[in-house]
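K.L.:
Here's the letter readout for the chains.
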Amino acid sequence: MKRFTKDHEWVELDGDIATVGITDHAQEALGDITFVELPDVGRTLAPGDAFAVVESVKAASDVYAPLAGEVTEINGALDDKPELVNEAAEGAGWFIKLKVADAAAVEALMEQAAYDDFLKTIE
Amino acid sequence: MSDPADCATGAELRRTPLYERHKAAGARLVPFAGYEMPLQYAGIIAEHTATRESAGLFDVSHMGQIRLTETRPGAAAAWLERLTPSDIAGLADGGARYTVLTNAAGGVVDDLIITRLGDHFRLVVNGARRAAVRAHFEANADPDVAVDYLDRALIALQGPAAEAVLAPHVAADIAAMDFMTAVLTEAFGVDAMVSRCGYTGEDGFEVSLPEDAAGAAWDALVGDGRVSPVGLGARDTLRLEAGLCLYGQDLSEEISPVEAGIGWVVPKRRRTEGGFIGDARIMQEFAEGPARKRVGLTAAGRVPARAGAELQVDGATTGIVTSGGVGPTVGGPIAFGLVDPAHATIGQEIAAVVRGKPVVVTVAKLPFLPSRTKRKGSS
Numbered sequence: 001m002k003r004f005t006k007d008h009e010w011v012e013l014d015g016d017i018a019t020v021g022i023t024d025h026a027q028e029a030l031g032d033i034t035f036v037e038l039p040d041v042g043r044t045l046a047p048g049d050a051f052a053v054v055e056s057v058k059a060a061s062d063v064y065a066p067l068a069g070e071v072t073e074i075n076g077a078l079d080d081k082p083e084l085v086n087e088a089a090e091g092a093g094w095f096i097k098l099k100v101a102d103a104a105a106v107e108a109l110m111e112q113a114a115y116d117d118f119l120k121t122i123e
Numbered sequence: 001m002s003d004p005a006d007c008a009t010g011a012e013l014r015r016t017p018l019y020e021r022h023k024a025a026g027a028r029l030v031p032f033a034g035y036e037m038p039l040q041y042a043g044i045i046a047e048h049t050a051t052r053e054s055a056g057l058f059d060v061s062h063m064g065q066i067r068l069t070e071t072r073p074g075a076a077a078a079w080l081e082r083l084t085p086s087d088i089a090g091l092a093d094g095g096a097r098y099t100v101l102t103n104a105a106g107g108v109v110d111d112l113i114i115t116r117l118g119d120h121f122r123l124v125v126n127g128a129r130r131a132a133v134r135a136h137f138e139a140n141a142d143p144d145v146a147v148d149y150l151d152r153a154l155i156a157l158q159g160p161a162a163e164a165v166l167a168p169h170v171a172a173d174i175a176a177m178d179f180m181t182a183v184l185t186e187a188f189g190v191d192a193m194v195s196r197c198g199y200t201g202e203d204g205f206e207v208s209l210p211e212d213a214a215g216a217a218w219d220a221l222v223g224d225g226r227v228s229p230v231g232l233g234a235r236d237t238l239r240l241e242a243g244l245c246l247y248g249q250d251l252s253e254e255i256s257p258v259e260a261g262i263g264w265v266v267p268k269r270r271r272t273e274g275g276f277i278g279d280a281r282i283m284q285e286f287a288e289g290p291a292r293k294r295v296g297l298t299a300a301g302r303v304p305a306r307a308g309a310e311l312q313v314d315g316a317t318t319g320i321v322t323s324g325g326v327g328p329t330v331g332g333p334i335a336f337g338l339v340d341p342a343h344a345t346i347g348q349e350i351a352a353v354v355r356g357k358p359v360v361v362t363v364a365k366l367p368f369l370p371s372r373t374k375r376k377g378s379s
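Going line by line, the protein sequences match chains H and B. Be aware that the first sequence starts at 1, since it is given in this note's numbering, and climbs by one per residue. Be aware that the second sequence starts at 1, since it is given in this note's numbering, and climbs by one per residue.
Pulled out of the complex, with its shape left as it was, chain H reads as follows:
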């Protein structure tokens, strides 16, 4: 089950490995994405660390770590096809996999319904 941040990242936990990406709302707001700068595998992230940059035609935006952990894998497909983020932000357009330090920390993030309510407050 996915969890969400107020900065529009999503996390899906499988054991202690979290897949992280940006939400469909985020890709929609960014518009055409032309490049995603991903971190090196092995980098250790603290919550809130800027770990990736999304370049759209319009602007460059930082992406923040929703949880603490170590980067174990990056989505190499984004190198050739950054538009995957526009097409499937919450699926094939994932950014990184993270070996999380504290799996329970995910409980502090929003569930889908709470995130949907949050989106209504910012529109």
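It is possible that some hints are incorrect.
[What the hints assert, rightly or not] Below, simulated DSBU-like cross-link-like pairs (lysine-lysine); rule was C-alpha separation at most 35 Å, straight line:
hint : chain 1 : residue 1 : chain 2 : residue 2
1    : B       : K23       : H       : K120
2    : H       : K99       : H       : K120
3    : B       : K23       : H       : K6
No lab work stands behind these hints: they were computed from the structure.
Based on these hints, arrange chain B on the given structure of chain H.
P.N.:
Then chain B, alone, in the frame of chain H:
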């Protein structure tokens, strides 16, 4: 994720006569020049490509339209030759000219289009500079020149299909018009001013018409299968590829037209005679060369250098990026930089500092794409 800088502000925003149509079309609206304007409809790349390949329709009603009339023959042209460094006296009836309003320091108050229409002139100025232009005109007022600020809509149709799409809606024969000419005619059943001009590098037209007639004109054009509505996002990528300056980025109160690489707006007579506001600096820059020059920059990779990025050669600052992004038709990052003239030669490699890291950019010829506007003698 950090929010892209398009969040709404608390300020009261104005709306163009086409606001409801943008909203109904599902456009993302953002504050721009004091107006709530469409940033994009289908998406920036799709809109950009549609303009290059067929026709893009733009609501540019936020731009300021001004009419100048004179009580003494020649007064308006003389006044405009004091305010701009261009040849206005020699502008033919129906001729339109791109130029700048200069300030005392040789910087730019605004860039604009001046059109002579019989006994009067029409000016189109940037929306964000309406108030600054008005203050500048009032500070330099001439009793023989009356300045009227018009409330009219302005729509632009740009791209290779523009002429064929627009022609049936205009009484005048627009196919016979050259680029940078204008006519007063009937369009969409009302009195309009139709100019063959634009700011995309494509052939195209701008139609100025009464506000209450704008909706029907927009509907007629957007209902044509060859036409896509285009927002501010693609307007920016189109003008960037075409090598055209954006006021507030590539032009400012501090940047001179010579530095900005639009010295061509100053013809030989004016370079010799001067007689315009800010002529001391501008004439000196023509004689001795400017302190910095606008150049085109391309990058081999995919990381664009955006406005504000520092430019370095051998670790020392040479200038700054004034506009930058990804050119959808060029297919890669492009930018304008204001650099030391020693580093302004085509092929010069420069490091742009992006998020603390150097990105290699190369000085390239402007425009990035060949212009496809319809010049005299072309068919």
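K.L.:
Please go over all the hints and tell whether each is borne out by the structure.
P.N.:
Right, here's what the structure says about each hint:
| no. | hint | result |
| --- | --- | --- |
| 1 | B/K23 <-> H/K120 | holds, 18 Å |
| 2 | H/K99 <-> H/K120 | holds, 32 Å |
| 3 | B/K23 <-> H/K6 | holds, 26 Å |
Checked against the numbered hints above, the structure breaks none of them.
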